[in-house]
Structure formats: C-alpha cells, structure tokens
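Chain A is already provided as a structure; the job is to place chain B on it using the hints.
Each protein sequence line maps, in turn, to chains A and B.
FYI, the numbering for the first sequence is 1 to 114, going by the numbering used here.
FYI, the numbering for the second sequence is 1 to 113, going by the numbering used here.
Just so you know, the hints here were simulated from the structure itself, not pulled from any lab data.
One or more hints might be untrue.
To be verified - Label-pair ranges, simulated between beta-carbon atoms: (1) A:Gly40 with B:Arg61: 40 to 46 Å; (2) B:Thr56 with A:Ser65: 40 to 46 Å; (3) A:Arg44 with B:Asn24: 16 to 22 Å; (4) A:Lys53 with B:Asn18: 48 to 54 Å; (5) B:Lys1 with A:Thr15: 23 to 29 Å; (6) B:Ser10 with A:Arg44: 16 to 22 Å; (7) B:Gln9 with A:Pro61: 26 to 32 Å; (8) A:Met54 with B:Ser83: 36 to 42 Å; (9) A:Val12 with B:Ser83: 26 to 32 Å; (10) A:Thr15 with B:Asp67: 46 to 52 Å; (11) B:Asn18 with A:Ser80: 48 to 54 Å; (12) A:Thr83 with B:Asp67: 41 to 47 Å.
What the hints assert, rightly or not - Covered, in the sense of this in silico footprint (three residues per stretch, anywhere, with C-beta under 8 Å from a C-beta of chain A), are these stretches of chain B: (13) 22 to 35; (14) 38 to 44; (15) 102 to 110.
Each residue gets a CB set at the ideal place from its N, CA and C atoms; glycine is no exception.
Here are the chains, one letter per residue:
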Amino acid sequence: DVKVTQSSRYLVKRTGEKVFLECVQDMDHENMFWYRQDPGLGLRLIYFSYDVKMKEKGDIPEGYSVSREKKERFSLILESASTNQTSMYLCASSVPQVGRTEAFFGQGTRLTVV
Amino acid sequence: KNQVEQSPQSLIILEGKNCTLQCNYTVSPFSNLRWYKQDTGRGPVSLTIMTFSENTKSNGRYTATLDADTKQSSLHITASQLSDSASYICVVSAQSGAQKLVFGQGTRLTINP
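Only chain A is shown next, with the shape it has when bound in the complex:
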C-alpha cells in the first residue's frame, strides 16, 4: 500500500513564526502536492512538485513556499504564519498514469495559528 506520512496531526503556532510541514511518501512517486482544506471551500492546491527540486505554484501560493530536495520528501513552509493560515493541510503524491492517475493523501495536519 502507498503510504503518505505527514509529520504532525496537530500543530499550534504563534503569529509570525516560521512553520514547517513535512510530508514523506514511500512509493517513489514523481508528483507531490500540498493542499489546504477549509469548510465550504474544499481542497485548494498550494504548490506541487513533479520532480526533485522542481516546483510549481498552485491556486493559492501566497504566503507559502516549498522544498523538495529528495524525491520522497516535500516540505511546506509558512515563512511568517498568520491567523488566516489556520487550516487543515493535506499532502498527496501520485505517479502519472494516462487516464487513471490517482492521488494518495496523507492523514492531514490541522494547523492553528494564534
């Protein structure tokens, strides 16, 4: 089974702190994604990466950055956390298969910024 592991289930951080969310997958997938999930808004793509050291902005990249130094690890960085970044963060990975691509999700990190 594919396993996508996020480093923390729950985090509480103060406004202005630098926050690192870590994600590791064990299936040698090329693609990795970071989403945030908010009530009424569904999942929104923050950043994705299709290879080591490659990254592309998603729909809501402002206030975030990412790092992918190794294929299995994709980190989301909040340079200066703000209260509007309180959310559920979901990491996913996938390998492109024509017509059948599936994203596998981690368990999520619920981040609260106070």
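Frame of chain A, contents of chain B only:
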C-alpha cells in the same frame, strides 16, 4: 474555468437507507473522475475511478455513474451503514502535460441510527 460542483452540501439519512450524491463538472480536456471518501480528521481515500468510456463502476455498496455528454456523475450508496458517515469528494482530472486535479467542495453525509 475548470470547476466541479457537488450537491447536496450535506445530507442526513437513516441507517439502512440509500442515497445518491451528485457531481457536475466543467473540466476540459477530461481524463478521469474519481470519488473520494474522507473520514473526519483523515485524508481522502479513493473509492472509484471513471474514465471517459465507462458509464458505471461499482465498489461494494458504492456505485458511481458517469455521463460524459452532460458532464455529470453520481455516487449511489446502498443500504447505508454508520461507517459511511464521511465527506465524499468528486475529483476530476484534466488531461494535460502536468497533472491537474479539480476538486469539488464535497458532500457531508451523516448516517443516523
């Protein structure tokens, strides 16, 4: 603009009853459509996948349909169980060089005993 809309936003039914969740999409070019189940506090897990040529796909008590002409999909749950209480998310994949997944907002289903 690529969009996926789901209805209803929330649904409450009694255990043992059937229900149908709807998904309308405007994603082009279409690659496939998946229904995901997300338990509270967990990441989404894929239930079914539908490609352009498939009309119906079953996974146990879950049956998904796809009408590519009208760009509509449904997820039918038969003989609901308490463990079916979850959010169900419709996700449409666009057939492009870089993978593009478009998520619906989800339907929150509650099964009451």
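Among the hints numbered above, which are violated by the structure, and what are their numbers in rising order? Hint check: 1 and 5 fail, others pass.
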